[in-house]
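So the sequence shown is numbered by numbering that gives the first Met the number 0: it starts at 0 and just counts up by one.
What the hints contain is simulated information worked out from the structure, not anything from laboratory work. It should be emphasised that the depicted structure is a prediction, and the values quoted were computed from it without experimental measurement. We put the beta carbon where it would ideally sit given N, CA and C, even for glycine. Check before you lean on any hint, since a few could be wrong.
Cβ pair distances, simulated, as ranges [stated by the list, open to error]:
| id | residue 1 | residue 2 | range |
| --- | --- | --- | --- |
| 1 | Ile243 | Leu20 | 41 to 49 Å |
| 2 | Asn202 | Leu230 | 47 to 55 Å |
| 3 | Gly274 | Lys136 | 37 to 45 Å |
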Amino acid sequence: MSTHLSILFTVKRSKISSKGLVPIHLRVTVDGKRLEITTGRFIEPEKWCTDSGKVKGRSADVREINTYLDILRSRVYAIQKDLIQSGEIISVEEIRNKLSGVEDNKRLLLVIFNDHNVKMEQLVGNEYAKGTLVRYKSCYRHLRNFLRINYNISDIDISKVNLEFINNFEHYLRTKDENPCSNNSAVKYIKNLGKVIRICLANEWLDRDPLIGYKSKYTEVNRKFLDEAELRKIELKDFSIERIEIVRDMFVFSCYTGLSFIDVRNLTADNIGVGIDGRKWIFTARQKTKISSNIPLLEKAENILLKISMVGLRLLVYQENLCTALTQQEQNN
């Protein structure tokens, strides 16, 4: 089946700029279906020759524009030839994709990243923690905004992701206008992107790992620890807001058990039992590592559980969780 293809350059006189210039558009028609894209070139309306589809004049600027239009025309015909030789269907969609450097929608970075996130979400609670999924979704949003702001595109062919792209993304994370990332947060997001890149390498969608040569590393954080007197002050502090008091109690509970916020939040009555020494113990598994932990329930930690379980004048031990379901963000605030 023969395919009819025509190429035409036009100017959009209705889109004249404040400087009196109009954009030159490329119009490709395949079997009656039209594709129209901007060439990125602008001219004065009176300099356009409709018959020839070129700019009038002999100045250096005019010659540059006309040469560029000839190159675009040649590119379209070259794409047509490649499609014919490979036995593919010639369509305006294929021509648009190849002109923009997009060869296959299945190999677009954000498409692959989103597919990874969808599959991860199906495994939350089994192989992955919910917080891990949240971080990958956050990385996806940062990438989407980065592509829009830095490249003015909605996605990018995975083959175009190189070390320069990685470094530019990290720089964007550190300097973006709203909530710029710290060094460690930026490096973690690059690590998230790295997993998606490894998926592409495993599927042979990439010939080379673009992360080779990436230099950034985590900054060691010197964490300060509370001494006994400081912890005592926190325990005795009176708070007028019940939510803040609950957060304080959960923090102190973490201090006496060594459990992280998410592990405290996941604690249920089934995790409390009696050990071989006849005392109460916490029997649980860390959410992040899945490693079993047996922790003696000290008197102060048990008193906090009893206090929290009476919130709202009802025993919370009859509910699913022993501790109030505050989010990590609420606790940090």
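Going down the list of hints, with the structure as the test:
1. Separated by about 60 Å at the C-beta atoms, Ile243 and Leu20 break the suggested range of 41 to 49 Å.
2. In this structure, Asn202 and Leu230 meet the distance hint of 47 to 55 Å, their C-beta atoms being roughly 51 Å apart.
3. Evaluation of the 37 to 45 Å hint for Gly274 and Lys136 yields a pass: the beta carbon distance comes to about 40 Å.
In this structure, only the earlier hint numbered 1 is contradicted, and the remaining ones agree with it.
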